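Colleague: Below are the chains, spelled out letter by letter.
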Amino acid sequence: MKSGSQKLEKPLPLKSSPQPEAISILCIEDNDGDFLIMEGQLESTNSRQKFNLCRARTAKEALTLISERSTKSSNGSERDLTFDLPFDLIFLDLSLPDSVGVDTYELIANEVPHVPIIVLSGSTDRDLALEMVQRGAQDYLPKDHIFPEMLLRSVLYSIERQKDLNSLEKLNLKLEATTEKLKSAQMQLIQAEKLDSLGRLAAGVAHEVRNPLGALRMGISYLKQREANVDDPSFQFVFKEMDTAIVRADSIIQGMLDYSRDDSVSLKAVNPNQLIETALSLVQYEITTHKVEVKKSLLPKLPNILVDASKMEHVFINLFSNAIQAMADEGGKLEITTQCGIVDEIKRDEGVRDFVRIRKQDEVVLIEIRDHGPGIPVDKVDRIFEPFFTTKPTGEGTGLGLSIVKRIVDLHRGHIRIRNCEDSPGACVSLYFKAITS
Amino acid sequence: MNKKRILVIDDDLQFGRLTQLTLQATANFEVSVQSDSRKAIETAREFKPDLILLDILMPGLDGGDIERLLEGDPKLCEVPILVVSAIVSENDAGPDGLVQSGGNVMVPKTIDPSMLIQCIEDRLCGKI
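Line by line, the protein sequences give chains A and B.
Each residue of the first sequence is one higher than the last, beginning at 616 in my numbering.
Each residue of the second sequence is one higher than the last, beginning at 39 in my numbering.
Mixed in with the good hints, there may be bad ones.
Below, computed lysine to any residue pairings styled on SDA-like, alpha-carbon distance capped at 25 Å [stated by the list, open to error]: (1) A:839 - B:62; (2) A:916 - A:940; (3) B:41 - A:850; (4) B:42 - A:835.
Partial list, computed: chain B residues near chain A (C-beta under 8 Å) [as the list claims (entries may be wrong)]: (5) 53; (6) 57; (7) 63; (8) 95; (9) 96; (10) 116; (11) 139; (12) 143; (13) 147; (14) 148; (15) 151; (16) 152; (17) 156.
Sample of chain B residues at the chain A side, in silico, Cβ under 8 Å [as the list claims (entries may be wrong)]: (18) 56; (19) 97; (20) 100; (21) 150.
Just so you know, the hints here were simulated from the structure itself, not pulled from any lab data.
Note that the coordinates shown come from a computational prediction; the quantities given were computed from them, not determined experimentally.
Glycine residues also receive a C-beta, built at the ideal position from the N, C-alpha and C atoms.
Put together the whole structure using the sequences plus the hints.
Modeller: Spelled out as structure tokens, the structure:
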């Protein structure tokens, strides 16, 4: 509901309002005359507002008074969102016997960051007083020009402004805490999705490990049947084959372990071709069962990229699985290319302005994954990175895969785009990462 | 005794080659390996096997496709087939080394090779 011209304003605690609470003020002022003037001005404000005035003559004395009235325990919990307000307001003269100028302000402001401070300035330090306002003081008052009404207004406005600032800070702290929680939830989500896909990969991994295991068993059986003669060429051949079989089985198991590990992002220089090969070996089972032909054009001397290998494998496994599932019915072709170059040389037409983190002249690695499935429905292209959005039938996808892929690519300051191929049906995923140049 | 001719159709060339060596070492078998399933029928026609060891999961044509092609070929439809696959584990197998799975019978790839040889002989004489 809009309330037209009616504006809600906080009423100042003036005559019509009930008796306002007394405002506690700490006046840090070494000059007796100046203090007495201040006290007198406060008393003669034409208002029912009462003041409890405390006085400190030195910075040290002020700090003692502050700590005496502080409610915060010494080991005060950081997350507790009640601010320590030993006084409602502080009047501060910057020239004290034990501290002068900016230092005086910083000393007090650091101690009570949430209490409004009004700087009292002499005729010689107006510029300094103004600087204090820029540093966060609520107001400055020239000592030789203080009038009761002006003093009252300054006090009340300072308190109100500081209240707003304090609530803003509280909101900000809450927001930061929420962001932290969100970040950790997101990491957990990535891990959950990973374990989910790991479950789907498990049968494939078992198959891929049993193949070399079968080969090993054959090899052992062969060696047992024959008289051991290490010079026999067929023995050498069998030993070599058995050795490769062990390496094969080990690498597939290692790939799965790396993939399932829950380490927060640990960046290392990695060759993208290697990542692609590992990810392919983990989805080999799906490739074979769906009769997909894999066509790789991997640039031999591709520069490394700085990524978390396990998380990037997740990205590739997810994208490969998507491509394979998109071609579920008929044996399709999965094309994977890697290349590298300067951003605008790679694709002039791709709107380099979209790139948030990669600059125009950066050398990048481009990885393209192309399938020959039906492609993405045109009205859905813009939504594919949304969490829980899925084009797959119910029960066949969490709808989180691509949103997590995007999240991981973003974490690595890379760029991902998915579009339909122009020349033939199918979808094309392009991944850009900054190359490590030596 | 005539050596029995065994054709191994398996995309895992390493397994194929070691199986070939192991079976031939018994002196009872003559073994040929074809790792490209699309050339399997052609190779079978040339090699004229007494038995085919057939993998299931292969790129291009899989074990099921090959089985259908063999059944449809007048010269090959009588050749006994023994399915060998890494889909199943030795733990799934019965005492005869065979895994019964959804009406299909198969031998796990990780089986003890002497057991595989027993299965081949049983299949050759029609016991299984």
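Colleague: In ascending order, which of the hints set out earlier in this document are inconsistent with the structure?
Modeller: As far as the earlier hints go, 2, 10, 11, 12, 17 are violated by this structure, in ascending order.
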